[in-house]
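Visitor: In case you want the letters, here they are:
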Amino acid sequence: MEFAGSHMLSVDQLERGDVERIFAVADRLEPYARRRRRTRVLEGAILGAMFFEPSTRTRVSFGSAFNLLGGEVRETTGFEQSAIAKGESLYDTARVLSGYSDVIAMRHPTAGAVAEFAAASRVPVINGGDGSNEHPSQALLDLYTIGRELAGRGRSIDRLRIAMVGDLRYGRTVHSLCKLLCLFDRVQVVLVSPSELRMPEAIVEDLRAAGHEVVESDALEASIAHVDIVYSTRIQEERFQSQAEADLYRGRFRLNQSIYTRHCEPNTVIMHPLPRDSRDNARELDDDLNDNPNLAIFRQTDNGLTVRMALFALILDVVDQVEEHATTVNWYVGGRTS
Amino acid sequence: MEFAGSHMLSVDQLERGDVERIFAVADRLEPYARRRRRTRVLEGAILGAMFFEPSTRTRVSFGSAFNLLGGEVRETTGFEQSAIAKGESLYDTARVLSGYSDVIAMRHPTAGAVAEFAAASRVPVINGGDGSNEHPSQALLDLYTIGRELAGRGRSIDRLRIAMVGDLRYGRTVHSLCKLLCLFDRVQVVLVSPSELRMPEAIVEDLRAAGHEVVESDALEASIAHVDIVYSTRIQEERFQSQAEADLYRGRFRLNQSIYTRHCEPNTVIMHPLPRDSRDNARELDDDLNDNPNLAIFRQTDNGLTVRMALFALILDVVDQVEEHATTVNWYVGGRTS
Amino acid sequence: MEFAGSHMLSVDQLERGDVERIFAVADRLEPYARRRRRTRVLEGAILGAMFFEPSTRTRVSFGSAFNLLGGEVRETTGFEQSAIAKGESLYDTARVLSGYSDVIAMRHPTAGAVAEFAAASRVPVINGGDGSNEHPSQALLDLYTIGRELAGRGRSIDRLRIAMVGDLRYGRTVHSLCKLLCLFDRVQVVLVSPSELRMPEAIVEDLRAAGHEVVESDALEASIAHVDIVYSTRIQEERFQSQAEADLYRGRFRLNQSIYTRHCEPNTVIMHPLPRDSRDNARELDDDLNDNPNLAIFRQTDNGLTVRMALFALILDVVDQVEEHATTVNWYVGGRTS
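Residue numbers (the numbering used here), protein chains in the order written: chain A, 10 to 347; chain B, 10 to 347; chain C, 10 to 347.
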């Protein structure tokens with residue numbers, strides 16, 4: 010796709026070359042994200058972070074990514090606006106708000122609302138999550154993380170072996186990640202879920218149509234024995250008919266250091282879209298994994314910053330100007346690396 | 010008036026020369042608002058956007074206007090502050106908050122609160138709306154839009170023919186606009202409203218005292234036949250004694266493309282302070298007007314950015330420094346023009 | 010202490026030399042805080058203002074302080090984040106959010122939460138208030154104000170005579186201030202409170218162990234006769250068993266101009282952590298003190314800006330670079346001095 014001036018609404022817009030282009034730009038921007046350098050390439054540009062549903066981490070991640078390129082951020086954090094309550098159309102909201110910024114990152118509780126907004130917007134719009142539908146920058150940061158983790162292990166996204174664990178039915182994260190995996194070659198996917206929460210058949214068919222090997226299971230330990238990545242997701246209690254059933258599955262899909270050591274190959278990477286639950290008996294990933302260097306969950310959020318910088322740089326067409334606006338960082342950054 | 014260091018609380022502060030000065034500065038700043046150029050003239054300055062009542066679009070418009078001049082924005086979006094709940098006076102709030110910024114844009118639900126705040130503030134304050142009272146930057150952007158739309162048609166604010174339609178009793182927008190029109194010559198004003206919602210007599214008298222011609226009516230179609238501008242406003246259901254009466258008037262004041270074509274002169278400009286209602290049977294301006302090039306409602310909000318930039322530049326006394334801090338825009342701005 | 014890269018969680022971290030270092034840096038930064046100069050020393054740096062409890066003035070003060078050094082601010086204003094509601098640990102929140110900024114200022118309703126967050130953070134954290142526990146930048150700005158006010162009177166923090174008035178039991182402000190006073194010499198402290206709201210015994214003992222003279226009283230007028238500073242605090246009604254008792258004490262501890270003139274030495278300084286109550290019969294400091302030049306309450310909040318700038322400059326290790334990134338202020342600042 011041509012990135013300059015385009016919306017980024019869905020992973021369906023992307024071909025393999027587009028994904029590789031985004032990742033190549035992210036690699037170039039990594040020194041800026043990690044504070045080894047800084048750039049003012051977007052000085053004077055304005056991001057409208059229009060979050061019509063609260064999401065501190067995604068909102069701050071988009072905003073910080075824009076700041077790291079030198080730009081300013083104007084934002085909103087919820088349906089605070091009486092105008093919307095008064096029955097204004099998304100068309101009008103988009104026409105007005107798109108006059109105030111150079112690019113918009115938008116979250117909305119309703120599936121399809123971001124695309125409807127984008128159709129009326131006069132500036133490019135990045136979907137920051139629209140209900141159960143899409144959250145493309147999350148899928149991209151997940152795949153970017155997979156690529157980087159595997160590169161350090163002499164492997165690649167092609168021929169990836171990945172187990173996805175948990176609620177595969179409602180999790181938009183794993184759906185979008187599967188769509189992106191269809192752009193690559195010979196992936197082995199193990200889908201581990203309660204039977205009520207299996208991956209939608211259409212996505213399984215897409216994976217197989219892409220030539221990938223798909224296995225479905227409801228048992229964690231055997232499923233994670235021969236994979237490069239364990240991608241864990243939250244299982245929400247309310248998905249089950251009874252508390253007893255919910256407790257049964259939670260216990261069965263909980264990963265801790267002991268299970269990891271006994272069942273996984275050495276250096277198997279652990280991922281999660283976050284937040285993970287920290288309440289007793291509701292954990293997907295135990296705290297005793299926090300010292301495991303293969304726990305990549307915070308490298309994922311760090312990579313989110315880099316990937317979002319790449320999207321902004323591509324969409325606003327400043328990739329080749331980043332270095333000429335670069336200077337060194339002159340303040341304390343000692344403890345920053347993750 | 011002397012703008013440097015002054016508050017902007019009410020259109021009553023302004024003489025004709027002041028309005029023309031603001032508009033001349035807005036014209037000079039337009040290339041910066043539209044991204045043909047950028048300037049860093051206020052780099053390091055801080056706007057305090059103190060919105061004690063939510064209003065996404067006005068808050069973001071002020072903030073973006075300040076960013077477009079190179080400044081930073083600190084803001085609040087509601088009565089989040091326990092201090093106010095604890096009974097702090099506006100005097101104290103103003104003394105404290107005015108120490109944190111170089112200029113303040115403030116919205117407050119109570120009429121007169123912004124003036125009370127400004128009296129204690131140590132920096133200039135711009136009224137961003139205080140209840141039913143004033144919203145001077147809205148009146149200025151409306152008049153600025155009228156001037157620009159008419160200039161393209163070989164006409165001017167002097168000798169303007171305008172129809173104001175809807176709730177003329179409670180709408181602070183039309184009240185302030187009438188006050189500004191009193192500064193100009195030989196305006197013809199047609200006031201179209203339900204009898205319960207007529208323009209306050211004092212304002213009608215002001216218009217007549219200024220030498221303007223005023224006609225009152227409760228019929229839309231005849232009233233818009235010979236005007237340059239149709240300025241439509243929202244009629245709120247709760248203003249009427251019965252739903253039946255509300256429905257009657259809503260239907261009667263609704264403008265759509267068919268009525269426009271049959272009754273208006275060619276190129277009659279359509280304006281609205283927004284938001285317009287998008288619910289069936291509650292529309293003031295139908296969606297089928299969206300393709301009408303004379304629908305100026307989004308040019309109004311765009312002009313709001315420019316007018317607010319002009320107010321900041323005048324009050325902070327940097328008008329003559331804008332160009333020397335200017336550079337070119339180096340990112341994608343393709344689809345931005347409205 | 011070594012400031013570069015350190016957290017600032019509690020006044021207990023500070024020795025006398027540390028306090029003097031902070032104040033010396035604040036003195037150097039004062040021209041920038043007061044708009045006589047500006048600096049871009051932190052251009053490109055990002056502050057994460059993570060306020061998980063609303064506090065407009067503290068949040069804006071931290072944000073403006075960072076802007077005044079040239080940096081950007083990303084922030085949140087409450088528990089808007091569904092992630093926390095879903096049971097995420099502070100450890101995870103800290104790991105994620107600390108990847109998005111160079112330094113964090115955090116407020117949290119729970120005592121100890123900021124320290125727990127800081128332990129997992131990858132960047133320095135400044136405590137902006139954690140429940141009843143600590144608010145070190147408030148204590149520092151109070152002591153800095155005392156030092157500046159006294160310097161103009163030929164006196165100093167050593168040998169200070171101070172009356173603390175009001176709720177001394179629950180007020181974290183006076184507790185932290187007492188801890189800092191223990192670092193200085195021969196202070197005379199008069200503690201004026203209802204018997205139910207006396208200063209905790211441990212703090213009184215600390216003051217005496219530091220060689221200070223402590224007198225406790227429940228009568229205002231005699232207690233303020235021979236002091237340099239009257240530090241007044243709010244008494245909350247709900248602390249008392251009956252309304253009658255609350256009214257009794259409120260009346261007894263209320264300071265106004267008449268009492269000041271009759272009982273205080275000339276030029277006795279009046280301080281208060283703010284907000285002060287403006288409701289009739291609930292005032293600690295009457296409005297008729299507003300014209301008294303010894304009322305230092307707004308100089309306190311102004312000094313808060315300067316002290317927070319100093320903390321940022323020390324923690325991010327840019328103190329010696331401030332001047333080389335300095336320029337002159339080019340906009341209107343006429344009425345700014347307090």
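No wet-lab data here; the hints were simulated from the structure. All C-beta atoms, glycine included, are put in the ideal place defined by N, C-alpha and C. Don't take each hint at face value.
As the list claims (entries may be wrong) - Footprint (simulated), chain A over chain B, 3 or more residues, beta carbon under 8 angstroms:
id : stretch
1  : 76-84
2  : 330-341
Unchecked claim - Away from chain A, derived, C-beta distances all over 12 angstroms, residues of chain C:
id : residue
3  : Ser15
4  : Gly96
5  : Arg104
6  : Arg131
7  : Gln197
8  : Gln266
9  : Arg271
10 : Asn303
11 : Glu333
Visitor: Now tell me, hint by hint, if it's right for this structure.
Guide: Verification of the hints:
no. : hint    : verdict
1   : 76-84   : holds (count 5)
2   : 330-341 : holds (count 5)
3   : Ser15   : violated, 9 angstroms
4   : Gly96   : violated, 4 angstroms
5   : Arg104  : violated, 5 angstroms
6   : Arg131  : violated, 6 angstroms
7   : Gln197  : holds, 40 angstroms
8   : Gln266  : holds, 42 angstroms
9   : Arg271  : holds, 50 angstroms
10  : Asn303  : holds, 39 angstroms
11  : Glu333  : violated, 10 angstroms
Of the numbered hints stated above, those contradicted by the structure are hints 3, 4, 5, 6, 11, listed in ascending order.
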